[in-house]
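Read top to bottom, the protein sequences are chains A and B. Numbered according to the working numbering, the first sequence spans residues 1 to 294. Numbered according to the working numbering, the second sequence spans residues 1 to 461.
Note that these hints are calculated values from the structure, not bench results. All figures in this text were calculated on a predicted structure; none of them were measured in a lab. C-beta: ideal position from N, C-alpha, C; glycine also. Hints may contain errors.
[Stated by the list, open to error] Partner residues aside, some chain A positions facing chain B, computed with beta carbon under 10 Å:
#1 P188
#2 V228
#3 Y248
[Claimed, not checked] In silico lysine to any residue, SDA-like type, Cα no more than 25 Å apart, as pairs:
#4 A:K216 / B:T36
#5 B:K34 / A:E159
#6 B:K34 / A:R247
#7 A:K216 / A:A272
#8 B:K34 / A:D241
[As the list claims (entries may be wrong)] Reference excerpt, derived from the structure (chain B facing chain A, CB under 8 Å, subset only):
#9 R32
#10 R35
#11 F42
#12 V47
#13 Q50
#14 Q167
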Amino acid sequence: MTKRALFDAELLSAIEAFALRVRHLRAGPSHGERRTREAGSGLEFRDFRAYTEGDDPARVDWNVWARSGRLFVRLADQLRTMPLRVHLDLSGSLGADGGARSEAARVAAVVFAALGLAHHDPVHVSWTGANGPSTRKLHGRNGLLELAAALEDVEAAGETDLVALFQLSEAERRKPGVSFIISDFFDPAGLEPIAGVLNLSTERCVLVRIFEPQDKSGGSFAGELHLVDCESGLGLDADVDDSLRARYCEAFSRFEQEFDHLLLSPTRAGCALDATRPVLGQLEPLFPAGSLSL
Amino acid sequence: MNWLTLGPKTLLALVGCAAAVLVALHFLRVRRRKRTVATLLFWRSVVEAQRARRLGGPLRHLATLAWLFLACAVMLMALADPRPAELPARCVVVDASVVARGQEAWLRQRAEALGALEAGTHLLVACGGNVDCFPARGGLAARREALAALTGHEGVADLDGLLARAQALVRGETTGEVLLVSARAPRRPWSPEISVHLAPQPSPWPATPDHPDANGVALQVEASLPRMAHAFADLPLLSGPGFTVILREGARAGELPSAALRPLLMQRFGPELNATLPAPAAACTHGLPLEAGWRSALVMGDMPLVRVRKEETRALLEVAPGLFTEGSALAESPSFQAWMLHWILAAGQSESPSVALEAGSKFLVRSGAEDTFVAAGVAAAPSSATPASYALVTPDRAGPLRCEGRETGAVRVHWPEATEASSPALVQTASAGWPLWIWFVLAALLMLCADAVWHGRGRAP
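For reference, chain B alone in the conformation it holds in the complex (with noise of 0.2 Å):
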């Protein structure tokens, strides 16, 4: 639920002052006027018989008490606009491309492990130019075969097409998100429902002459940092050719093997990873030596492109100047872009509760709406249960990010027009819960229902 993104100690002290409010206004109300009648005689009567009358009798202001606590406690959950625990209604997309050969492997294990075949989830599978629909209520047999027999085809499928497709799917369900999987990232502006799976490239980025070494690219990562480095355990890039993964502590440094690379990744390191460094003077052939306070650095031949600083505070991550001018093809990788989103978050996630972007990070955020940025690729990172909160800041404007929703795999985050750096940003996610109006419609009911006990209404005389 979203209780207005408040802690649970301000929303018990909201909720206690209302409670607060509202038995003194009872008590206000249940207070009586005196009035010195000459007898009793003729009211006691009619009195209790009205007593007998009423439903609840004597217990009437205590019924309506709770009855105004009950409409308090619904216009609360309206404000709070509370989501149902449901399971969101989902839809797998599977892009099997002409561009996706040879990771069909991939595209099936990311499909299988994304619920494709789990009841309840809708499936798309374009095979080239061919869509294949299995609805959520139809036989698992039929998705497992298309599964099983799934090719990269030759055409390329309308992947903005697909997802709209998808999208129309899940719209009727209370809650909605559509997965896809492929090889290549849609162009349309990403949407909150919509989470994108990426299949591992050869290489982050395609070489261009800007950058003849692009397959020559490592990972230094400080060894005493094992949470930052788990961060990018489940980066599905390091798996590809070309990438190494460089660990130092001190000065001594050591590349880890690619067959041990994501199961010793996925453990964090220890102790015993330590031990499998190197000797220090064998580490001066692997890589760049890291500056002090630079805690990991992502490496091309011999220049840093991306490199985290930790701070007490904050992570700050640093693009190298110039790297990432507009309209370069490193800039456009959805791959690539993915993957930055993926470190920065990671950072994030660490010790420090921000991660700082400088120079050069407008490639980072894909412009949906005018001040609305849309990071995508978020699913694959780290899941935590605790919260992180991000700023993000870029040559022309600055303030704090909070991202929610990292579960379904996407993130809108709406920086507000007129930000700032102390600004607080607001955060607007997908929802199709219960209208706000249908809240207030059973508040509204809930206290006429305490009326009508206030008033004895509830029996005919």
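Isolated chain A, as found in the complex (with noise of 0.2 Å):
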């Protein structure tokens, strides 16, 4: 996928209809333009509170204090940045089928970086590949285009880990904010593992399934066949027939219960996009109103 069709102006500007919201987001150490749950002394209002001792005078209303004759301090909004983390599988498993799976993550990762991009927020984006895991901090509008020019290269190989995906900026991760996981989750392991790991995180999450039609039915091939897992390389002799193909739909549909299970969580959310058709239109139920609230 080329830079130009991942840093195209059509999808940031409609990127710019979508908002993250994120309830009771603790401050943190930088100034930025997401409202935290503590006072603070920013600029917007939010309330008054009775003068105690040992207040700043200087946020006394004196207007207050002449009407009623009490003193009373004005509060403001605490203004913090929140950090956004993204990651981003590129395991052989999305490089599959023509890449298809490929172009809608690598797209929705754009499309996640922009958002924390355009509130000045600090992303970090990490992805695995062939050249092995990397992670990228961007910063401002120009990351974005950065982002894009690091992706354009990226070859989908190896095997999937979500665990060691998620835990690839575990640094970063100590600090609160959202973390974005963008992957088919064909994960050899199953979906246990990165459940566990995110049912003993506190952060929040959004959980991108990435998938293709013929995941769901299993592909239009038939007859006896040596199946190659594009990953591993491991073979498996199937004779596909109705009724096979008819029992694998039985357990893809339960692999998306599972996955469906994982986003019960209030701190969680997500989706599942189809690979085959554009992604900020599926992206649209994700941002209820235009707006994610986590």
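Assemble the dimeric complex from its two separately framed chains, guided by the hints.
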């Protein structure tokens, strides 16, 4: 996928319609545009509070004192940045079948990174691929261009390991923020390991599952085949017929249910993206009324 | 079994080729197309479940191969048209007509030798115009009594009708044969199922104006050919009066005494026999000296009727020119025909692989249908496990003949329409084995089984 396709002006303008809101955000170290739950010394008025000893006299509202004869202190929102971490899985399974999953995953990563960069939030993007795991810290509008250039040449390869992918930015995750995991979730170990890691974490997470329609139907091939896993190279002899395909669909349906079960936590959200369709249109349900609240 | 008249090596080669093709096709079928998928995560679970449900599991391919081998074997069986190795249904027909007078003992002995008193054998006894039928499941005592009371009755039984009745008795069986014990031959064309055992005649042929010395027939045999002489041992005609057997060895010749004739011949000639030959001086009184190269001859008076010359690859049987003209009494004599056939077959059974008949041999065959020749009287020929081949040469046609089923008493030879000297003949033997379609249906069922195993339909999901 080219940088031009990833850094598409139309795409970027469409992203502006989306917003990310995090409830009860704790105050971070840097000033930013996100409201925190603590009151601070920002410009946006939040409330009055009775003056207590030790309050800054500069924050006393003298007009109120003049009308009521009592001392009140003006409270304002505390605005901080909210770190965003995008975990992009570019394992071999995403590059299989023409690489449509890989392209959709890259687009989704750019979209989520743009969400943070639009509010001057620090964005960490980590991904796996043919060259091994990589991370990149993005700042400002230029960060998006930088990300598009970095993702352009990454070849999807290697085995899917969601836990390792999630732990790539372990140090960054100590700060409050939101993590985006973009993958097909075809982890040979299944969804249990990543579910365990997510359950232990208090972090807000958005899980984006990339799929193709043939993943659901089992493909159009039939007969006596030697199926080869594109990641591990392991083979499996299968006599694919209607009955086997029906059972495959059942197994994939169970996988989807298991994935949906991961999203039941109030600190998590997620969606499934059909790689053969435009990504932005499918993200709209994730942002009801243009905003994703976590 | 009749394996397409193929030899064991050829058959093994054919089976080997078929098996090789089958195995090659099987492995071509087993070889799978490779298909790369994004993940095996879901396929693995469902495929393992499918294998667990499937009959045979991992051995399915081997089981399919085994089924295919079985089907192939059945197809080969079908092509080979095997015959069940069971005893043929048998019906012994004893014709005790007036012509058999004086030969009742021979008829009785022959009927018993053919198994008339054995369980499972039908017995028809024609006494004059009356026919007594003893079914195969009947008691043996009644049969023994009927044979013991066998006498040449007045009247002549309808032999052809009798044979037709006998054939009807054995027709429902898988294989069947009719053994006729009689002093006369039936008129109808010979049937493959019918074996005729003729009573010995006082003379091989009746005296006719053409052959006034018919009773003075001598068989001259080169004594150094014991197998040849042995071939004539079972000839019933030898025990009749008017026959002499002269053994020759070089210039020596001697006539065998009739009392010692049969047992001597049965034991084959040996050195002790040569010692019994008279001195050369006495040999001049016995028959004609055999010319160089001729091993045996049937001599009537001073005229050789038939003589046998053994060559390297064949025995040549020569019939006196003009002796057996069309319609002559000698040519029409069934007993003489049977006897001649004995001679031919016996000669063919000797060291030479083939027998050639030359001029005047038409009388040896009876035309059942066009291009079908039935030779009769083979049952009395010495049996041999070694199959012999015969070449029949008549003035207008020639070609090799294959004769089989001699144990059953009849040989039916089919001579193809476009017969050339080198064209092999096809043997048609009477058989009522399993119909061909049964084998093919069986093979188809086995194929279905293999297909079911292949697709794992053996067990419901």
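Checked hints:
The criterion of a C-beta within 10 Å of any C-beta in chain B is met by A:P188, whose closest approach is roughly 7 Å, and the hint holds. Given the 10 Å rule on beta carbons, the hint for A:V228 holds: about 5 Å separates it from the nearest Cβ of chain B. Proximity of A:Y248 to chain B holds as hinted, the smallest CB-CB distance being about 5 Å (cut-off 10 Å). Our distance criterion of 25 Å between C-alpha atoms is met by A:K216 and B:T36, whose separation comes to about 16 Å.
Taking the CA atoms of B:K34 and A:E159, the gap is near 20 Å; set against the 25 Å cutoff, the hint holds. About 21 Å separates the Cα atoms of B:K34 and A:R247, which keeps this hinted pair within 25 Å; it holds. The hinted pair formed by A:K216 and A:A272 meets the criterion: a straight-line CA distance of about 12 Å does not exceed 25 Å. Restraint check for B:K34 and A:D241: the C-alpha separation of about 16 Å stays at or below 25 Å, so the hint holds.
Hint status for B:R32 relative to chain A: holds, with the closest Cβ pair at about 4 Å, below 8 Å. The criterion of a C-beta within 8 Å of any C-beta in chain A is met by B:R35, whose closest approach is roughly 5 Å, and the hint holds. The beta carbon of B:F42 comes within 4 Å of a beta carbon in chain A, closer than 8 Å, and the hint placing it at the interface holds. Below 8 Å, beta-carbon pairs count as interface contacts, and B:V47 has one with chain A at about 5 Å; its hint therefore holds.
Annotation: interface hint on B:Q50 holds; nearest CB of chain A at approximately 6 Å, less than 8 Å. Annotation: interface hint on B:Q167 violated; nearest CB of chain A at approximately 56 Å, more than 8 Å.
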